[in-house]
Amino acid sequence: MTATADQAAGRGADADAEEAARFHALLKTFEGRPAATAGRGKDPVNQPMIRHWCEAMGDADPAYTGPDAIAPPTMLQAWTMGGLSGHGDRSSAYDELLALLDGAGCTSVVATDCEQEYLRPLRPGDTITYDAVIESVSPRKTTKLGTGHFVTTRMDVRADGELAGTHRFRILKYAPAAPREKKPAARRPRPVVNRDNQGFWDGVAARELLIQRCTACATLRFPWLPGCNACASLDWDTVEASGAGTVFSYVVMHHPPFPAFTAHEDPAAAGGPYAVALVELAEGVRMVSNITGVPYDKVRIGMPVQLEFLRVDEDLELPVFRGSEG
Amino acid sequence: MNVGDTLAPLEIPVTRTLIVAGAIASRDYQDVHHDASLAREKGSPDIFMNILTTNGLVGRYITDRLGPGAVLRKVAIRLGAPNHPGDTMVLTGTVVALDGDRAEIRVVGANGIGHHVTGTVTVILPAEVAA
Numbered sequence: 001m002t003a004t005a006d007q008a009a010g011r012g013a014d015a016d017a018e019e020a021a022r023f024h025a026l027l028k029t030f031e032g033r034p035a036a037t038a039g040r041g042k043d044p045v046n047q048p049m050i051r052h053w054c055e056a057m058g059d060a061d062p063a064y065t066g067p068d069a070i071a072p073p074t075m076l077q078a079w080t081m082g083g084l085s086g087h088g089d090r091s092s093a094y095d096e097l098l099a100l101l102d103g104a105g106c107t108s109v110v111a112t113d114c115e116q117e118y119l120r121p122l123r124p125g126d127t128i129t130y131d132a133v134i135e136s137v138s139p140r141k142t143t144k145l146g147t148g149h150f151v152t153t154r155m156d157v158r159a160d161g162e163l164a165g166t167h168r169f170r171i172l173k174y175a176p177a178a179p180r181e182k183k184p185a186a187r188r189p190r191p192v193v194n195r196d197n198q199g200f201w202d203g204v205a206a207r208e209l210l211i212q213r214c215t216a217c218a219t220l221r222f223p224w225l226p227g228c229n230a231c232a233s234l235d236w237d238t239v240e241a242s243g244a245g246t247v248f249s250y251v252v253m254h255h256p257p258f259p260a261f262t263a264h265e266d267p268a269a270a271g272g273p274y275a276v277a278l279v280e281l282a283e284g285v286r287m288v289s290n291i292t293g294v295p296y297d298k299v300r301i302g303m304p305v306q307l308e309f310l311r312v313d314e315d316l317e318l319p320v321f322r323g324s325e326g
Numbered sequence: 001m002n003v004g005d006t007l008a009p010l011e012i013p014v015t016r017t018l019i020v021a022g023a024i025a026s027r028d029y030q031d032v033h034h035d036a037s038l039a040r041e042k043g044s045p046d047i048f049m050n051i052l053t054t055n056g057l058v059g060r061y062i063t064d065r066l067g068p069g070a071v072l073r074k075v076a077i078r079l080g081a082p083n084h085p086g087d088t089m090v091l092t093g094t095v096v097a098l099d100g101d102r103a104e105i106r107v108v109g110a111n112g113i114g115h116h117v118t119g120t121v122t123v124i125l126p127a128e129v130a131a
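Keeping their order, the protein sequence lines are chains B and S. If you count by UniProt numbering, then the first sequence holds residues 1 to 326, one letter each, in order. If you count by UniProt numbering, then the second sequence holds residues 1 to 131, one letter each, in order.
Just so you know, these hints were derived from the structure itself, not from any lab. Note that the coordinates shown come from a computational prediction; the quantities given were computed from them, not determined experimentally. Hints may be right or wrong, so weigh each one.
List time: in silico DMTMM-like cross-link candidates among lysine to aspartate or glutamate, alpha-carbon distance up to 25 Å [unchecked claim]:
(1) S:LYS74 x B:ASP59
(2) S:LYS42 x B:GLU308
(3) S:LYS74 x B:ASP95
(4) S:LYS74 x B:GLU135
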């Protein structure tokens, strides 16, 4: 990096830190403002919700059942939850604070801390009311989840007007860290289709292996070419290959590994060696292809093979040859 | 009971059912606690346990281990590694302070990723434990 670029990067970081400090100062103005005022529990403390809670938690403490049942103290916050219909009692200050954070890209939320003190037990029939205050908003923090601000609220929970518990709650409002880029699975190279070989690939799409034939001298040719190597005629038609053939020659590719060429045979062996065969078709022309159904080290010259079409991925189907071990 | 005593561990299989049942029983309908595809959109590999369920399990652990009559006075927890379905959380506890019938117990809930929860519980001991 040049000195100039260094300075520019430094200025960028300074400007970012300044902006973060300015934003935090704004967030701090919410400290001390109400998060909820005269909130009211949607249901009075009741036995069914206590039972559902105990079932979920696997809590068989006898204190939570019977005529003298109390609510599990750790249910404190549950009595204040908005549920699906939301919080009618949230203060405008708290909504404003969350909207500011949303606007800054901190759209995700996760609870990080919960501190509860229980002053008196809650019993079925108790009416729940609560008030909450925004206690603190942290400077910008970067966590594993992303970058954002911790918001701490403190709530007083009352039962029939009497202070029953306090509840300090901390959330992280954050902008999710970009998910780690997953490397897409390697794919086979795409065939280059042009006007000289378009007919061949149209044939493959129709699951036909087409061989070019010169209409002047009837010589078959493969791969596809604009003209005849025997008589130079530019006129041709096609013959569909029967699909029968033999291995005329082959090589085994060990390195570099190319999983896309082997994954179709055995995903566990992807990246391992594979055979590349020159197959002589029954019609007499030869083509380079893969041998399926036979391990790479069992491919032999003269091995009979039969054409099949291999679906390589959603966009590519290829003619290959299935071998059969002698 | 003495300072330094440990409570027998409690193993909690973190099932999808537990996560969803705990979220609903605590009236927490945040999608990340019941909808795996929306949880993934938000960068989480799967749904994860909500803090209210963790709080409830910590409370249950203490009262289970100390027996009927134990009264929770204070539960303060901090979450770390999330509890995803298929994991197991093992809760352990150590007595860190004693004052008459009042005990302070340090609790750790460890899962396959790390410490899901660390915290401190203040509890009034049943007479037979305090003695």
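Original post:
Broken hints, numbered, in rising order?
Top reply: 2 and 3
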